[in-house]
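Asker: Listed here are the chains, written in short residue letters.
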Amino acid sequence: MDPATERQFREFMEERSVALMRLAYLLTGGDQHAAEDLLQTALSKTVTRWAGVRSPEAYVRQVMYRQQADFWQSRWRRRETHVAVPPDEARHDDTPALDLRVVVGDALTRITPRQRAVLVLRFFEDLPEKEVARLLGCSVGTVRSTTHRSLARLRELAPELGDARGIKEVVR
Amino acid sequence: MNTETQIKNACAHLSAQARVPAGLTDRVLAAERAPRRLRRPLGYSLAAGAAALLVGAGVGVTVTHRSAPKPTVRTIAPVTLSSDTSLRTDLGSTFPRHLVAAGHTAVAAYYTAHRGESGGIRRTWYLYDPGSGTYEKTPWAYLDVAPGMHQAAVIEGPLPAPRIGVLDMATRKVTRWISVGHKVGGVAWAPDGRRLVLTAYAKDPDVMAPPTGGPGSPQGSRTGFAVVDSTTGHGAFHALPPYPGAPGSRQDLGWSRSGTLVWAPTETDPAKVFYDLNGSPRPAPAHEADAMEDAGLSPNGTLQAKFGPPPGPAVTITNVTTGKKVTNLPIEQARAWADDGRLFAIGCAVKKCTGKGEFNNRLLLVTLQGKITPLTGYHRSDKLGAWVPVFTHR
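Quick mapping for you: the protein sequence lines, in order, are chains A and B.
Number 36 in the numbering used here belongs to position 36 of the first sequence; there are no gaps in the numbering.
Number 277 in the numbering used here belongs to position 105 of the second sequence; there are no gaps in the numbering.
Chain A with its partners taken away, still in its complex shape (with noise of 0.2 Å):
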């Protein structure tokens, strides 16, 4: 690698290495040891092409989806995480919005990756479906599904979020 190549990934890190730790902890359900290997591989990928990549940000984050994608196509079954004791209820204080990001965050790392990757993606990214259906290499129609399948599932662990109304929105 050239000094000015290995200028500009720097420069890039400084910029954007934030963002790509979170989303990388968002698509594997809050597993830091995980995320830092999702996100050094996709960075591995996209440093070994750097000349030829338009948008090093793009090109990271569709390495990363795309990596989430061929993992949960072999191994998603085996990979949610169940708990011994589900919690009984909401936990109520003085700070209930706070809550219920806690209740809600805590169900989005217990769903499958291939669930938390649609929902990342549709909501946390705000990407149209289509949009989703490109970067998984996947159908509108399995997108359209999956993301039906896991808002039910993450209504069951946290029944705070929304109601079946709401849900019909999102998919819509």
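Take the hints with a grain of salt, since some may be wrong.
Said to hold, decoys possible - In silico negatives: residues of chain B with every beta carbon more than 10 Å from chain A: (1) A285; (2) G468; (3) F479; (4) S553.
Claimed, not checked - Under 10 Å between C-beta atoms, here's a sample of chain B residues computed to sit facing chain A: (5) L186; (6) P302; (7) G303.
To be clear, the hints were calculated from the coordinates, so they are not data collected in a lab.
Using N, Cα and C, we set each Cβ at its ideal position, and we do this for glycine too.
Got chain A; can you put chain B on it based on the hints?
Answerer: Chain B only, in chain A's frame:
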């Protein structure tokens, strides 16, 4: 708030807990320059069942795998500072119930001490629960919290115990039990949040026993230490007898700032003696063996807090690179750095900081300019049952 917004908020909240590992850029570039066979994240090699004993850090270090004869290269990434630096206080009660945090540091746990049946100290531990946002009482006899506050290393009583557990703080479940073939009484996480140093003892380290070998003979029953990888449980034990004249029978090992060395306490100057991860003596890193307040060096490594000058209460902050005094702070103890400009401190009630009043104190946040923000309610720190905070990078 509709479902979409709720999920978006939850994602944002969850992702804010992510920490960019220090040295990530260098690691990627090093992998790019390395031979192709070495281009893989460490997690993969560990998941393959390799035993990892990390030696050295900061730059390149060697990872020795029991099942892999050839060493590979990996930079240990010290845990970086948190993106959540919000101020969290709990002023309402003597014992904190809600999270106490400032800057990059939080009170991740605390304990109260009581007299046990054998005459030793028994600790009751309260560990932060990220789900409820409160400290919850635990059954463990000893624990330490990993940087990032996602995991804790726990030891069952009575001490010393034959194994330690790696506890998921969110689920409150032990995800891995680690045994090193020796009974363990102390544990400390490395700055990388991955390795642990376990201190082994022949007897309960919290029971004071008179020296058996006459004056000057070792007081404790420490037998050695082991550095283990929390994700694989692999590591090696190294004999390390108690240090003559060291304070008390508990002589737990700790980590150097870089995570390349471990240290043991002494009662003399220097206050710490350092060893490499195989137990061989090593020179102390600059200023890390100085007798100073618990806070140690500031995160940027330039500031040091020392007790005094009398009559106090006072702690002096010195710039170790210039040797010049930066300021005197009106606090009793400097316990941990919140960031490079603020300290967690113990301070007593104004105008009552003399005689027994000095023990009626509470946890404070103090800036280098002397601005004080109370973090908890007052308590009597000289009584058994007082709470003792454990600080962790959050």
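Asker: Against this structure, judge whether each hint is valid.
Answerer: Structure-based check of each hint:
1. A285: B/A285 is indeed farther than 10 Å from all Cβ atoms of chain A, at 29 Å.
2. G468: Per Cβ check, B/G468 is outside 10 Å of chain A; nearest 24 Å; holds.
3. F479: holds, 36 Å
4. S553: holds, 28 Å
5. L186: Hint on B/L186: holds, closest Cβ of chain A at ~4 Å, below 10 Å.
6. P302: holds, 7 Å
7. G303: holds, 6 Å
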